[in-house]
Amino acid sequence: GQQLNQSPQSMFIQEGEDVSMNCTSSSIFNTWLWYKQDPGEGPVLLIALYKAGELTSNGRLTAQFGITRKDSFLNISASIPSDVGIYFCAGQPANTGNQFYFGTGTSLTVIP
Amino acid sequence: NAGVTQTPKFRILKIGQSMTLQCAQDMNHNYMYWYRQDPGMGLKLIYYSVGAGITDKGEVPNGYNVSRSTTEDFPLRLELAAPSQTSVYFCASSTTGISPLHFGNGTRLTVT
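The listed protein sequences derive, respectively, from chains A and B.
Residue numbers for the first sequence follow the working numbering, so the first one is 1 and each next one is one higher.
Residue numbers for the second sequence follow the working numbering, so the first one is 1 and each next one is one higher.
The shape of chain A in the complex, shown without the other chains (with noise of 0.2 Å):
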């Protein structure tokens, strides 16, 4: 299956402080989502991109779609205790019609 590498791993940053996160793929995507997930429940959607080159903006998030197509960022800016979690990438090969393909997951902690 596909490998997408998602970095960092785990995040812990001072209430307001600004959060970068990537993932990256060997193959060209066409599409890029971004999730968060809190303990026990299931991912919800923050971010859906669709183009190379897409920026797209969420209130305090922004995710862009990586002209390489291979790769994709998310940011938040001035970090709240409410963004505590884990976010993930999910992508989907311009090969394989159905199916996304998930990264590891970053943590993150914010420390108020």
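These are calculated hints, taken from the structure and not from any lab test.
We treat Cβ as the ideally placed atom computed from N, Cα and C, and that holds for glycine.
Treat the hints with care, as some may be off.
[Said to hold, decoys possible] Here are the simulated DSSO-like cross-link-like pairs (lysine-lysine), alpha carbons at most 30 Å apart as the crow flies:
| id | chain 1 | residue 1 | chain 2 | residue 2 |
| --- | --- | --- | --- | --- |
| 1 | A | K36 | A | K70 |
| 2 | B | K44 | B | K57 |
| 3 | A | K51 | B | K57 |
| 4 | B | K44 | A | K36 |
| 5 | A | K51 | A | K36 |
| 6 | B | K57 | A | K70 |
| 7 | A | K36 | B | K9 |
| 8 | A | K51 | A | K70 |
| 9 | B | K9 | B | K44 |
| 10 | B | K44 | A | K51 |
| 11 | B | K44 | A | K70 |
| 12 | B | K57 | A | K36 |
[Stated by the list, open to error] Here are some, though not all, of the chain A residues that point toward chain B, as calculated from beta-carbon distances under 8 Å:
| id | residue |
| --- | --- |
| 13 | L4 |
| 14 | I28 |
| 15 | N30 |
| 16 | E41 |
| 17 | P43 |
| 18 | L45 |
| 19 | F73 |
| 20 | N98 |
| 21 | F102 |
Fit chain B to the given chain A structure using the hints.
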């Protein structure tokens, strides 16, 4: 609007037992998916369905079976439970094959 509903939330099985994880969605989505999530790992696709009567294998289908007799329901069957199937199972749905996935809250399964 309930979205994607999974039952049960928790289950403990003995080795060799069988069970069915239930998944229902009320969004009239054609596509449905089963993923498993192991600690520190991303989600791995087990099976998916593009509509009633149609199912296909994902990355890790061994030891599982699915059926899709209606648009709303997509049960996952474990016939002979093994410790390697201890995991959190997530069901998801989407309108099309490239649309973002909507997840349920998961079933935590332990096989001992």
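The hints, checked one at a time:
| no. | hint | verdict |
| --- | --- | --- |
| 1 | A:K36 with A:K70 | 21 Å, holds |
| 2 | B:K44 with B:K57 | 11 Å, holds |
| 3 | A:K51 with B:K57 | 28 Å, holds |
| 4 | B:K44 with A:K36 | 16 Å, holds |
| 5 | A:K51 with A:K36 | 21 Å, holds |
| 6 | B:K57 with A:K70 | 25 Å, holds |
| 7 | A:K36 with B:K9 | 20 Å, holds |
| 8 | A:K51 with A:K70 | 12 Å, holds |
| 9 | B:K9 with B:K44 | 19 Å, holds |
| 10 | B:K44 with A:K51 | 24 Å, holds |
| 11 | B:K44 with A:K70 | 20 Å, holds |
| 12 | B:K57 with A:K36 | 26 Å, holds |
| 13 | L4 | 7 Å, holds |
| 14 | I28 | 14 Å, violated |
| 15 | N30 | 7 Å, holds |
| 16 | E41 | 5 Å, holds |
| 17 | P43 | 5 Å, holds |
| 18 | L45 | 5 Å, holds |
| 19 | F73 | 17 Å, violated |
| 20 | N98 | 4 Å, holds |
| 21 | F102 | 4 Å, holds |
In this structure, the hints that do not hold are numbers 14 and 19, in rising order.
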